[in-house]
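Read top to bottom, the protein sequences are chains A and B. According to my numbering, the first sequence holds residues 1 to 117 in order. According to my numbering, the second sequence holds residues 118 to 228 in order.
To be clear, the hints were calculated from the coordinates, so they are not data collected in a lab. Fair warning: there could be bad hints in the mix.
The list that follows gives simulated cross-link-like pairs (lysine-lysine, DSS-like), each with its CA atoms no further than 25 Å apart [to be verified]: (1) K215/B / K66/A; (2) K20/A / K215/B; (3) K215/B / K55/A; (4) K41/A / K55/A; (5) K20/A / K159/B; (6) K55/A / K14/A; (7) K64/A / K215/B; (8) K185/B / K215/B; (9) K185/B / K41/A.
Please read all numbers here as calculations on a predicted model, not as lab measurements.
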Amino acid sequence: GAVVSQHPSRVICKSGTSVKIECRSLDFQATTMFWYRQFPKQSLMLMATSNEGSKATYEQGVEKDKFLINHASLTLSTLTVTSAHPEDSSFYICSATRTGRGQETQYFGPGTRLLVL
Amino acid sequence: GESVGLHLPTLSVQEGDNSIINCAYSNSASDYFIWYKQESGKGPQFIIDIRSNMDKRQGQRVTVLLNKTVKHLSLQIAATQPGDSAVYFCTFSGGYNKLIFGAGTRLAVHP
């Protein structure tokens with residue numbers, strides 16, 4: 001089956017620093033990837049759509065200057081949380097869209113737990 | 118507006134029983150629905166999907182039913198096992214391949 005990886009799996013950082021999270025599709029190419037955020041005991045909230053070779057599309061209320069997204073290749077998207085603060089602590093999950101047999105399916109990464117002190 | 122809601126936030130079942138998780142949606146234009154399973158600390162895992170031109174689809178131990186008249190979706194798990202314990206999300210495509218997630222239902226399987 002399709003595999004999506006994320007790195008790191010968890011990260012602890014000091015307030016004010018920037019953190020980069022990588023999302024990779026390991027066995028397929030993905031022109032579109034998505035970034036979600038999930039707070040404890042809550043659902044996944046879509047943050048942005050990452051498009052290979054073009055700018056990301058952000059959902060309403062998500063600061064694009066704070067959450068920088070780069071989709072450098074067909075297998076890699078990165079999310080950088082700039083000047084992180086404790087309220088940015090969350091579980092960040094990416095997904096990659098795989099196209100096949102006339103349909104598109106999203107496969108999710110294992111998530112990255114961010115703790116900002 | 119678009120939304121996906123769930124009737125029951127928590128469902129407790131005995132091992133071996135059948136489980137039914139329900140979901141209501143509001144957008145009558147939705148044409149593709151997906152159920153995901155999320156275990157603690159992990160990303161969502163695809164379970165089964167269904168398109169609006171169908172009202173039932175079966176997988177291994179799982180069945181999804183779609184009632185477009187009342188905008189209701191359900192996931193049935195047969196012979197529930199401890200490994201089925203997780204949070205289950207009903208989702209539908211929100212255009213441009215986006216997925217709209219519902220609040221989720223936690224399934225707890227007791228021996």
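To see whether the hints hold, each was checked on the structure:
The straight-line distance between the Cα atoms of K215/B and K66/A is roughly 21 Å, inside the 25 Å bound, and the hint therefore holds. Of the supplied pair hints, the one linking K20/A and K215/B holds, its CA atoms being roughly 23 Å apart against a limit of 25 Å. A C-alpha spacing of about 16 Å is found between K215/B and K55/A, which places the hinted pair at or below 25 Å, so the restraint holds. Under the criterion of a C-alpha separation no larger than 25 Å, the hint pairing K41/A with K55/A is inconsistent with the structure, at around 31 Å.
Between the alpha carbons of K20/A and K159/B the distance comes to roughly 19 Å, so the proposed pair stays at or under 25 Å and holds. Straight-line distance between C-alpha atoms of K55/A and K14/A comes to about 28 Å, which puts the hinted pair past the 25 Å bound. Of the supplied pair hints, the one linking K64/A and K215/B holds, its CA atoms being roughly 18 Å apart against a limit of 25 Å. Between K185/B and K215/B the CA atoms are separated by roughly 20 Å; this keeps the pair inside 25 Å, and the hint holds.
A C-alpha spacing of about 29 Å is found between K185/B and K41/A, which places the hinted pair above 25 Å, so the restraint is violated.
The earlier numbered hints that this structure contradicts are 4, 6, 9.
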